[in-house]
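Novice: Kindly produce the complete structure, drawing on both the sequences and the hints.
Each chain, written out:
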Amino acid sequence: MKIDYNLQFNKNNKLQHFLNIENLSKEHINEIIDLADKYIKNESNKFKDLEGKTIASLFFEPSTRTKTTFELASKRLSADFINIDIANSSALKGESILDMIKTLEAMECDMFIVRHSSSGTPHYIAKEVGKKISVINAGDGIHAHPTQAMLDMYTIKKHKGSFENLNVSIVGDILHSRVAKSLIASLKILSVKNINIIGPKNLMPENINELGVDYFSNLEKGIDNVDVIIMLRLQQERMKEAFISTEDYYNNYGLTKQKIMSAKKDVIVMHPGPINRGIEIDSEVADGPNSVILDQVTVGISIRMAIMSLIFKNK
Amino acid sequence: MKIDYNLQFNKNNKLQHFLNIENLSKEHINEIIDLADKYIKNESNKFKDLEGKTIASLFFEPSTRTKTTFELASKRLSADFINIDIANSSALKGESILDMIKTLEAMECDMFIVRHSSSGTPHYIAKEVGKKISVINAGDGIHAHPTQAMLDMYTIKKHKGSFENLNVSIVGDILHSRVAKSLIASLKILSVKNINIIGPKNLMPENINELGVDYFSNLEKGIDNVDVIIMLRLQQERMKEAFISTEDYYNNYGLTKQKIMSAKKDVIVMHPGPINRGIEIDSEVADGPNSVILDQVTVGISIRMAIMSLIFKNK
Amino acid sequence: MKIDYNLQFNKNNKLQHFLNIENLSKEHINEIIDLADKYIKNESNKFKDLEGKTIASLFFEPSTRTKTTFELASKRLSADFINIDIANSSALKGESILDMIKTLEAMECDMFIVRHSSSGTPHYIAKEVGKKISVINAGDGIHAHPTQAMLDMYTIKKHKGSFENLNVSIVGDILHSRVAKSLIASLKILSVKNINIIGPKNLMPENINELGVDYFSNLEKGIDNVDVIIMLRLQQERMKEAFISTEDYYNNYGLTKQKIMSAKKDVIVMHPGPINRGIEIDSEVADGPNSVILDQVTVGISIRMAIMSLIFKNK
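Chains as they are written, first to last, in my numbering: chain A, -17 to 297; chain B, -17 to 297; chain C, -17 to 297.
Any given hint could turn out to be false.
A pair counts as met if it fits within one copy or between any two copies, since identical chains are not told apart.
[As the list claims (entries may be wrong)] Once the Cα atoms are required to be at most 30 Å apart in a straight line, the calculated BS3-like pairs of lysine-lysine come out as: (1) Lys142 / Lys114; (2) Lys20 / Lys140; (3) Lys84 / Lys(-7); (4) Lys239 / Lys109; (5) Lys28 / Lys295; (6) Lys49 / Lys30; (7) Lys175 / Lys20; (8) Lys295 / Lys23; (9) Lys84 / Lys247; (10) Lys297 / Lys20; (11) Lys246 / Lys23; (12) Lys139 / Lys113; (13) Lys139 / Lys23; (14) Lys109 / Lys57; (15) Lys140 / Lys114; (16) Lys20 / Lys84; (17) Lys20 / Lys(-4); (18) Lys23 / Lys170; (19) Lys109 / Lys28; (20) Lys239 / Lys84; (21) Lys49 / Lys28; (22) Lys142 / Lys113; (23) Lys246 / Lys84; (24) Lys84 / Lys23; (25) Lys142 / Lys175; (26) Lys114 / Lys20.
It should be emphasised that the hints constitute simulated quantities derived from the structure, not laboratory data.
Being a predicted model, the structure only gives us computed values, none of them experimental.
Specialist: If you want it as structure tokens, here you go:
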């Protein structure tokens, strides 16, 4: 399926959906970060911005963590949040995805939060629903996870101030990671100096050369003198494909206190969570002074509030 | 179990529960439709009518779609909505339905939304709870689905203006359909001109003659010159009993663009959903100009808001 | 694991968590009961006390009933309530409890409601989270169920006025009952005259003598002339350990209309629910004039509202 990256904009080039990082401008990204920053600096945790709006979560793939952040973001904006229990839903009765979303549209839902194991599903839904509905991509297949990338950009800005002079390394299974793809797109739009990707060769995409990144099979070389290290979550089910055992992975790519010394002293270490301690990252690092992992979680709520709120403002 | 159809009225003949269509007057029905119409025409989707009230959903039979409409209706009226997870509930611990509802009553819930596979369960619960609690029947066995019938009446009124001159056909498994029973009762109270029921003979009730309807085994004859066609959902598990294959059913009773030409040009086509496309109805018809299926979904929220709100006004 | 019973107090000896009855003062208990009483006497069921606060339920052990009371209490105080679906959560992805609570803390949850099959888990969590988060123990292993004990104390006070002259009997499996332990602690703090525990010897704790209670193997002797009888729920899985059949249990310890005549005429009969009718208690008693079982359920909401609300006031 060819994905239309412009689908998320209305005629005035404003976001009406949030489906992918590609085709966003620096201004789009900064507008979201600035709004998230306003929410986070506000003393209150409760806003009336989305009162009377209905947000429906459609998680075809289970995820407590991401779903909870969207539920919290919705409730803090005073929206009504409805969790559609796909597992027990009329999917059982043979209703197609299309009929399901048309039905939710007819129920006057205003926004769908969609996670699906097939790349492009949120785009498909966004294309099929009427103009009143907005769709947010909460992760589609191995394609994109744009709200995760946005919260990561906000985290970096918070700690590093600006992007232009940064060297950033992404470590892990780039090939299958939707987070990695959205991260690389974001970092390039924000004009970071250098992006390194690190991991076993057979967990790298074929088109490395076209990505505008540098590949390293060696962790210490790949994080040499960098400002930001983003660890990816190890999907144990991918290890077989990569012919690599958990032990070998840890020995080669597990981030330890020792290895982190190759990076700058004030390097920040990020991870989308949940962490596999002792596999992709040591507890000493995950809980250490360079880790901003829990910071990512906190800004994850306000970034989602900002994206949701902005889309309604653009209507 | 003999069902008491007057159980839903208080001493002033006002609704205190909503359990069945039988014994409603034209005035009862029109009062609900008129209130639903007010909600739908209001620009806002958020009302304070049920603020401080607690609505508990008790779905002993799973149903994402109907439960979601009640959840949305509750939230749009600012009620607190509690979903009692029956599957994981103390039913496991041997608590009887009666103890469960007495407990929820003691928790000062104000209304129960009940779906159960046994006919009469909502009536049983309504009889057992105290006067402060109201019960809404969200579908009981093969007996009744009164809120579905009410939203269907509202849909018909919206498109046809009045009921007296209408010819209405209901197509499918009348025998096992709780929707059909509530529909026939509604249409008779509203004095439609003619009601046809259509389907294989062995999916028809034995007492057809007492129903005041006309039976047709042939679809095209049964929808000849009618104003409204209501398709029922095919329960695949019933096909065996009816000795009819899905193919045969489609060939005989599947609503196609061709067959619909027997009806009036401005016939409206309805279906409670979810649709079995290509079995009981063709996509050309379901998505075509005569279909009001998504309209039914939309008014389904405001009808439920109206019923809930009216019951609290009657207290 | 050694449990620190002082963990729940801040420097001013005010509750910042609610983990156990032990170490509470009479004043602590009365403050909660008085606040619950205010909530229950208020005509409204909706308060703004926790607006903008986020309450997360972490039920590692399933419980519809207790979880529902906390959900209702949260909503009636206008808090945002988030149910963390542990079964489907990232527990599956190997995330430890500690990482999960740190993540929820980073999401700026304000309070965790914790039930766990291991004694001491809520204390462990309370110790690990930062000062902004409060933890309420909704039942841990065979150790404590302090909110149940508090609602029982409120129920007793409502019906008996004061505690000092009361004779109270607790009947059932004291050994494995977290409710019993919290009850005995509460009753002693409130200086009741006498506490009897009744049940098969092999369902009694070894340290009976240290508990400051009187043990009776005979029900009628144990409830002779008492003011309050608290029945415990029979855990069928414990019967094997106790070498006692359900029939024998009923014959010896099932509370019948006949046996209750040993107690005072105005004795109140309590049970935490759900009830095993015909095993530990007869319907004639459970639904009879001495039963205050449904009263317990009602005050259970306001007690939880009071505890939650008080903790936020103490911040």
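Novice: Hints first: check each against the structure and report whether it holds.
Specialist: Status of the hints after comparison with the structure:
{"no.": "1", "hint": "Lys142 / Lys114", "verdict": "between (38 Å within a copy, 27 Å between copies)"}
{"no.": "2", "hint": "Lys20 / Lys140", "verdict": "within (13 Å within a copy, 46 Å between copies)"}
{"no.": "3", "hint": "Lys84 / Lys(-7)", "verdict": "within (23 Å within a copy, 42 Å between copies)"}
{"no.": "4", "hint": "Lys239 / Lys109", "verdict": "between (47 Å within a copy, 26 Å between copies)"}
{"no.": "5", "hint": "Lys28 / Lys295", "verdict": "both (18 Å within a copy, 18 Å between copies)"}
{"no.": "6", "hint": "Lys49 / Lys30", "verdict": "both (21 Å within a copy, 26 Å between copies)"}
{"no.": "7", "hint": "Lys175 / Lys20", "verdict": "within (28 Å within a copy, 59 Å between copies)"}
{"no.": "8", "hint": "Lys295 / Lys23", "verdict": "both (20 Å within a copy, 23 Å between copies)"}
{"no.": "9", "hint": "Lys84 / Lys247", "verdict": "between (53 Å within a copy, 25 Å between copies)"}
{"no.": "10", "hint": "Lys297 / Lys20", "verdict": "both (21 Å within a copy, 25 Å between copies)"}
{"no.": "11", "hint": "Lys246 / Lys23", "verdict": "within (29 Å within a copy, 61 Å between copies)"}
{"no.": "12", "hint": "Lys139 / Lys113", "verdict": "between (33 Å within a copy, 27 Å between copies)"}
{"no.": "13", "hint": "Lys139 / Lys23", "verdict": "within (15 Å within a copy, 46 Å between copies)"}
{"no.": "14", "hint": "Lys109 / Lys57", "verdict": "both (27 Å within a copy, 28 Å between copies)"}
{"no.": "15", "hint": "Lys140 / Lys114", "verdict": "between (34 Å within a copy, 22 Å between copies)"}
{"no.": "16", "hint": "Lys20 / Lys84", "verdict": "between (35 Å within a copy, 24 Å between copies)"}
{"no.": "17", "hint": "Lys20 / Lys(-4)", "verdict": "within (20 Å within a copy, 34 Å between copies)"}
{"no.": "18", "hint": "Lys23 / Lys170", "verdict": "within (27 Å within a copy, 48 Å between copies)"}
{"no.": "19", "hint": "Lys109 / Lys28", "verdict": "between (32 Å within a copy, 28 Å between copies)"}
{"no.": "20", "hint": "Lys239 / Lys84", "verdict": "between (51 Å within a copy, 21 Å between copies)"}
{"no.": "21", "hint": "Lys49 / Lys28", "verdict": "both (19 Å within a copy, 24 Å between copies)"}
{"no.": "22", "hint": "Lys142 / Lys113", "verdict": "between (38 Å within a copy, 28 Å between copies)"}
{"no.": "23", "hint": "Lys246 / Lys84", "verdict": "between (51 Å within a copy, 27 Å between copies)"}
{"no.": "24", "hint": "Lys84 / Lys23", "verdict": "between (38 Å within a copy, 21 Å between copies)"}
{"no.": "25", "hint": "Lys142 / Lys175", "verdict": "within (13 Å within a copy, 66 Å between copies)"}
{"no.": "26", "hint": "Lys114 / Lys20", "verdict": "both (26 Å within a copy, 21 Å between copies)"}
Against the hints set out earlier in the document, no violation occurs for any number.
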